[in-house]
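Given chain S, work out where chain Y should sit, using these hints.
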Amino acid sequence: MRADADKVFKALAAPERRLLLDRLRAENGQTLSQLCEHLDMSRQAVAKHLRLLEDASLVVPQWRGREKLHYLNPMPIHEIGERWIGKFERGRLRALAELKAKLEGDNDG
Amino acid sequence: MAESEFVYVIYIRTTPEKLWRALTEPEFTRRFWADTVQECEWKRGAKWRLMIPDGRVADTGEVIEIDPPRKLVLTWQNHMFPEMTAEGHSRMTYELEPKGSLVKLTVKHSMDTPGSKLVKAVSNGWPMILSSLKSMLETGESLEGTDHWPEGI
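So the protein sequences, as listed, match chains S and Y.
Under the numbering used here, think of the first position of the first sequence as 1, with each following residue one higher.
Under the numbering used here, think of the first position of the second sequence as 1001, with each following residue one higher.
It is worth saying that the hints were derived from the structure and are not from the lab.
For glycine and all other residues, C-beta sits at the position ideal for the given N, C-alpha and C.
Hints should not be assumed to be uniformly reliable.
[Stated by the list, open to error] Here are the simulated lysine-lysine pairs, DSBU-like style, with alpha carbons at most 35 Å apart: (1) S/K10 - S/K68; (2) S/K7 - Y/K1099; (3) S/K7 - Y/K1018; (4) Y/K1099 - Y/K1120.
[To be verified] What the simulated footprint calls covered on chain S by chain Y, stretch by stretch (three residues with Cβ under 8 Å from a Cβ of chain Y suffice, anywhere in the stretch; the number is not a length): (5) 56-65; (6) 71-81.
Bound conformation, chain S alone (with noise of 0.2 Å):
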């Protein structure tokens, strides 16, 4: 599956992708029409970026009708951390995740 990951970080690498990410996040299973709502990206743009994201699998299209709505998918970013985190480490490091966000407020910049 080492193609797959390649895919999962290339599609993460880019701010505009996150974004993307955040706002699905924020309100699950968007139309693109929605996902272009607020955002200084063409329709064109966001479409291409979502086009990377579902081939990551980092979102999944649904089809409802004749709409097609966005999920994020977290398994591919969980699997990553599956990989390198163990599970000795996970308490500690979200101890610290919360002490970070509690110092900078919720901003993962």
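What follows is chain Y alone, placed relative to chain S:
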């Protein structure tokens, strides 16, 4: 959006038949799904329930649609937390599609109302359960921490 829904997709190196058994037979589910057991006759209209190791019934529902080894749709109501029980039935779907030497497993969990506590709660659990399922089928070992029920719940 008028409802709460999560969709998870994971690719597993296995066959649809093996994956179906892993998702429905207690001897497999308890290994990657925190030692829980699901009781069901696995036919349309059958009652379904998920029990935690001390015998308490965590969730119940009914088989809405079943097409082994391709699709399963269940209604799903939680009984551990009153605020979730009050939300009524959610809907959970498994879809299994062979993709070469892999199987694409799609898990959808939804509730007709927005801001569902149940859907939010299961959305924290599913990624762990699904990656443990993948690990069990591909390596024979489920992931640490998913083979027993968490203490204090």
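Of the hints stated earlier, which fail here?
Of the numbered hints, all hold.
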